[in-house]
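The listed protein sequences derive, respectively, from chains X and H. Start counting the first sequence at -4; every next residue gets the next number (the numbering used here). Start counting the second sequence at -4; every next residue gets the next number (the numbering used here).
Hints should not be assumed to be uniformly reliable.
[What the hints assert, rightly or not] Capping the alpha-carbon separation at 25 Å, the derived lysine-lysine pairs in DSS-like fashion look like this:
| no. | chain 1 | residue 1 | chain 2 | residue 2 |
| --- | --- | --- | --- | --- |
| 1 | H | K267 | X | K355 |
| 2 | X | K260 | H | K260 |
| 3 | H | K260 | X | K92 |
| 4 | X | K92 | X | K355 |
| 5 | X | K92 | X | K5 |
| 6 | H | K260 | X | K113 |
Hints listed in this document are in silico derivations from the structure and should not be mistaken for laboratory results. For clarity, every value in this text was computed on a predicted model and none was experimentally measured.
2 protein chains.
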Amino acid sequence: MSGYSLEEAKKQLKGLAALGKSVDMTRGRPFRDQLDISLPMLDGAASLQYTYDGGDARNYGDLMGVPAARALFADIFGVSPQNVLVLDGSSLAIMYKLVATAYTFGIAGCAPWSKQGKISFLCPCPGYDRHFAICEEFGINMIPVAMDENGPDMDTVERLVRADESIKGMWCVPKYSNPTGIVYSDETVKRIAALKPAAKDFRVIWDNAYIVHSLYDDDDRLLNIFDLIMGTPNEDMVYEVGSTSKITFAGSGIAALASSAANLKDFTAHLKIALINPNKVNQVMHVSFLKDAQGVREVMKKHAALLRPKFELVDAVLEKNFANDEDVKWSKPRGGYFVSLDVRGVAGQVVAYALSAGVKFTAAGSTYPYHMDPSDSNIRIAPSVPTLDELDFAMRVLVASIKLALAEKRAREE
Amino acid sequence: MSGYSLEEAKKQLKGLAALGKSVDMTRGRPFRDQLDISLPMLDGAASLQYTYDGGDARNYGDLMGVPAARALFADIFGVSPQNVLVLDGSSLAIMYKLVATAYTFGIAGCAPWSKQGKISFLCPCPGYDRHFAICEEFGINMIPVAMDENGPDMDTVERLVRADESIKGMWCVPKYSNPTGIVYSDETVKRIAALKPAAKDFRVIWDNAYIVHSLYDDDDRLLNIFDLIMGTPNEDMVYEVGSTSKITFAGSGIAALASSAANLKDFTAHLKIALINPNKVNQVMHVSFLKDAQGVREVMKKHAALLRPKFELVDAVLEKNFANDEDVKWSKPRGGYFVSLDVRGVAGQVVAYALSAGVKFTAAGSTYPYHMDPSDSNIRIAPSVPTLDELDFAMRVLVASIKLALAEKRAREE
């Protein structure tokens, strides 16, 4: 383990701060050049075909979305269109509604979660802060589960889910996981599909946010969990969600839920009170532009071409500076939106130092339930947001911040 | 009161049924010629200006909507843009979220409605069935309040709201009310603005769905309730909502909430967990097309030109057949989407007879809480949906159905 000069690192950081630059890397946002990819979708939309088999996308109706949009997501997810509903904007809104419905009204014939006393969700972590925020919103207890390169620690998951009826859910980002970038192994997906939950209203929220978000031409393969559960007693156990937020326009795309017929019936029984219909004009525009899963993959290649250099820059800088440092580890994702960085014991300090030089990272701890990272290690890097020049600056700040924080830590430990 | 020949009416209805036509008049939908009015909005949208003051409508951000869309609805409602948030599609979704937020989390520092025992809403009726469905969804008791040509019976409203802390809300469609078409009088609006609710978390849901939906050039004037409450102790008492569903595309437009700063803060504290942002691309497209309240009024004139002949046909047919019948009364709305018909004691029978001849009306009773119309009188007519030819047929069926039902009733009573 190489040491760093505290004075040298301090000087570097001060020099970078003096440049007065400012870079916000808190969220996984597409950069504007990525948003331009889908601008053609917005032209000529007046001449699209909005009517279909008795329906008119410009009018009320079709709570579950237009048939063509359901078919598009069925193609992406690898399920039947009857098992898909397509709503507006973000999959986050769908996940929130799913939890809210179970909480307030109950699902699967069970009492509402709000009436079942203390209930819990399994939270593989590091994970997605907005998942955890939904649990906090509804007072759902969060049980952290460790993640490795194959996914959540399945021994723990199997044991807890089988033993405890108060465990009602598990958050999963199975492909290019947020933030670690890993893809769940076949064995992990099979073990999840074969869980024996004590609770009849236990649900796996399969947030397939990055299902088509490969950075390289040789896309990684994730087992289709519906192939494993349909026709088994676990048919109702999975809610899969996804959206076009990082395909077309972030937050202005379309989002989908795939689940069993029974689950969709449960869900739409409440959805029909809460909504007249999603924005179906936007759905027709999306289908016209994206066409099918293959069309989506073509669009995603354009995103990958813009994103790849940014991810590779992050990796190259970290590699150059910390290749031999046991206290600094990072992921080398082949897709998704994040690089997950572990700086043992100094994450909070590193984020604070970076901020002092103008670079804003997601608050340390955000990738853990209750913002509590037990080893104060994890930092989520979102390389998509800045330009390459800004990213270069941000990485220099990050490197100096890590070196300073580690030098201080080592000085204390001596 | 003129009598009708039972045999003659029966014969007429049978003859109409034999034509094998089918007309669905259950909902207040725009007709396709109205939807064509806004098609130009969908052209050239790729060249619009999506960036603004640091923001990009195509990217994440701006939970409360793009500034220009908030300004548009501020202009329509006559409030400050800071008091407006703009979300997706339908105002129904906003009203549902408002009720769900108060129910699950509580508002104004009060306990959640779900923890306050039995709570009630005042429901001026006949009213909007989807308002009542939200109350049913959350188990909120509904107290019917009579409506006349000036709005709800304010003596009753004032007395109940002041006396009973368990009354948490009141539904209002203050302009071209659904279904009666009346506009709340100045005195009614003033008395609502000056209510003295026992409950700190009592809210008036001011569903201004038809705020710009005049059928005639001389628009009716509704007092701006915010002019009356801002700066008073009732500043937080009103949620005003509206949408472009019947301006641009039904269910694919944009919808807005206007309320006090305190209420918006309460609401967005939860909304930020449930949503990343609304569809801001759609908001920019709407602002570009509609521009401001005056631009909206220009669009609405085109709608009025298409709707007016339909409303006038309904009135002419009813006038011709029932001008002197005490048991048949109907509204003569100057805006909105409905004609409210009262056929004393035979509404259910009339709707059933019409259906037997192929014309589907909203189920009798739907305009009352729990679908219970105490006098079985009210039928909601939605003239917008059919073509003029179809409407002519539907009205002939309606007339024959009324005459048959009344003839039978009178025969029973003799």
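Evaluation of the provided hints:
no.: 1; hint: K267/H with K355/X; verdict: holds, 20 Å
no.: 2; hint: K260/X with K260/H; verdict: violated, 34 Å
no.: 3; hint: K260/H with K92/X; verdict: holds, 21 Å
no.: 4; hint: K92/X with K355/X; verdict: violated, 31 Å
no.: 5; hint: K92/X with K5/X; verdict: violated, 47 Å
no.: 6; hint: K260/H with K113/X; verdict: violated, 28 Å
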